[in-house]
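Could you build the full structure based on these sequences and the hints that come with them?
Keeping their order, the protein sequence lines are chains A and B.
Heads up: the first sequence at position 186 corresponds to 185 in numbering that gives the first Met the number 0, and the numbers run straight through without jumps.
Heads up: the second sequence at position 203 corresponds to 202 in numbering that gives the first Met the number 0, and the numbers run straight through without jumps.
Bear in mind the hints are in silico, worked out from the structure with no lab data behind them.
Glycine included, each C-beta is placed from N, C-alpha and C at the ideal position.
Misleading hints may appear alongside valid ones.
To be verified - To be clear about the criterion: a stretch of chain A counts as covered by chain B if any three or more of its residues have a C-beta under 8 Å from a C-beta of chain B, and this derived list gives those stretches:
#	stretch
1	59–67
2	122–132
3	149–160
4	182–193
5	209–220
6	277–291
7	298–309
2 protein chains.
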Amino acid sequence: MSRLFRVAAAQMGPIHLQDSREQTLNRMIALLETSAAQGAQFVVFPELAFTTFFPRWLLEQDKVDRYFEPAMPNPQVAALFERAKALRIGFYVGYAELTPDGHHYNSAITVGPDGEILGHYRKVHLPGSVEPRIGEPVQQLEKRYFEYGNLGFQAFYGAEEWKAPIMGMLICNDRRWPEAWREYGLQGVELMVMGYNSAAYDPNGGTAEDEALRTFHSMVSTQANAYMNATWAISVAKAGVEDGFGLIGASCIVDPNGIVVAQAKSHEDEVLVAEIDLDACQQGKTKMFNFEMHRQPRHYRRIVDQVGVQLPPKA
Amino acid sequence: MSRLFRVAAAQMGPIHLQDSREQTLNRMIALLETSAAQGAQFVVFPELAFTTFFPRWLLEQDKVDRYFEPAMPNPQVAALFERAKALRIGFYVGYAELTPDGHHYNSAITVGPDGEILGHYRKVHLPGSVEPRIGEPVQQLEKRYFEYGNLGFQAFYGAEEWKAPIMGMLICNDRRWPEAWREYGLQGVELMVMGYNSAAYDPNGGTAEDEALRTFHSMVSTQANAYMNATWAISVAKAGVEDGFGLIGASCIVDPNGIVVAQAKSHEDEVLVAEIDLDACQQGKTKMFNFEMHRQPRHYRRIVDQVGVQLPPKA
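Structural data, given as structure tokens:
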């Protein structure tokens, strides 16, 4: 059997502090139209796709809130939603979420072909720090600007005309955490979608990690977790140099064997399209990763019973 | 700081049904001596290293028990232990364990430079089936011949002269299960060691998986899990064609970034040696994978609360 679904990854090049919302939205609509012209039914945009990666800057709260969306959709992003609905193309998009009662999250939604919101996710694995690190040339302040996601990892069904894939969302750093993937794997996920802004230098201020190594980390995490959960994955970068700070590219579409079937070549706006067979997940789900047959949760207690490391007893 | 430790991977070529124990033990001693001659302090042998991969055969129980060790060490393996102690080299070795009260496990031990047993592990993730699959040319009967490991994933300290690495053991299929790695990661593991016998064809009887794909699966699992737990890993094959049935090679030593620092080139007996810096784990353990700062176990409940898949609710 085959359940074919035509998907796209819409990598975005840099968005600078001074770029206008309208300019960025027009780029996203162009990527949407390029995807639709190639027959894609669904397109994945990056994390925090409407703005620059503002958590690298130490800003006062009233300056930060301009990067947040008070509702989704809202007037400043409505044109994207309307164009997508007219084209009957769905999308995943990452955005900074401000709730009516004042909570801040690093969020993503999946929107169906009729413009309905099919899934909503708030990033669980926030990297970085609350306080700026003294003496570091660049900051990663996600823990300052966002609260930890409180929606867990809830899988959901994509649209019937997409062949009703079981879908899961992650955001950026989440993709390095096997617990996050496994939560979706245990719901039978067939298509994982995620966007990222990943520094092309050591985000912890060291000199040990360069762009090649950080790209490898991104790829190997995505490929192995796709394989180990027998799922397709679409992982999409905001790439290039934003106001002097580099971001890796390497957006990709990965099959349930962990094999890359499409990959971005640039650090600019770029569309990848692939026809994926959702039933290709079945080999892994029924054999090697038949969880019901092979998992042994009684031996996995540390994963939930402790947060940090507890060293083994000394002999 | 540096904590340097010189380690070896002792890949083994095929062991056929008709090969004698003495013949195999002599090969292992030769690998041990080659490792010691290159300065290695510790060497990793494969899973079920003393025998052919007998779970591919449907055998009567009295024919199976000849492949099991009633104690460790015991007279038929003593020469390996004695030579290792004389050379002051430790080792990991996989073997079929028969307990005094009649239980069967797929096990591994780590032996220190004085011949003392530092750690004992029984394979948790047994692949295959209990009953032979009708009409299949090859079987995988680990679930028939072994009980599930009952010792969990207990990390332990290696010898002081090895710089007291925090060590963890896995066996073969375990390396594809991120829960197993994370259990050790949560104990601060710095060196994961594992042996395997992995079919170089689709072990489920299909035609979808060839040796290249199965080698990729082995590598990507090991590399990503090493990275995501900021640990060194040594993963060692029994390789080549045993009585007509192919096994992948690709034994490797992987650093805490997931990068391969040494890899086997043959499908025969072959030694890889590397000097590893245990303190290279600290970058990952204190930054990206600082579990205390970044893990969110309240969202990981499915990992222990369910065994198999529970599909999301239909809208």
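Cross-check of the supplied hints:
Residue count for the stretch 59–67 of chain A with a Cβ under 8 Å from a Cβ of chain B: 0. That is fewer than the three needed, and the coverage hint is violated. Under the rule that three or more residues need a Cβ within less than 8 Å of chain B, the assignment of the stretch 122–132 of chain A holds, with 4 such residues. Only residues whose C-beta sits within less than 8 Å of a C-beta in chain B count toward coverage, and the stretch 149–160 of chain A has 6 of them, enough to reach three; the restraint holds. Only residues whose beta carbon comes within less than 8 Å of a beta carbon in chain B count, and the stretch 182–193 of chain A has 5; three or more means the coverage holds.
Note: the stretch 209–220 of chain A has 5 residues with beta-carbon separation from chain B under 8 Å; the three-residue rule is met and the coverage holds. Given as covered by chain B, the stretch 277–291 of chain A passes the check, having 8 residues with a CB less than 8 Å from a CB of that chain where 3 are the minimum. Only residues whose C-beta sits within less than 8 Å of a C-beta in chain B count toward coverage, and the stretch 298–309 of chain A has 12 of them, enough to reach three; the restraint holds.
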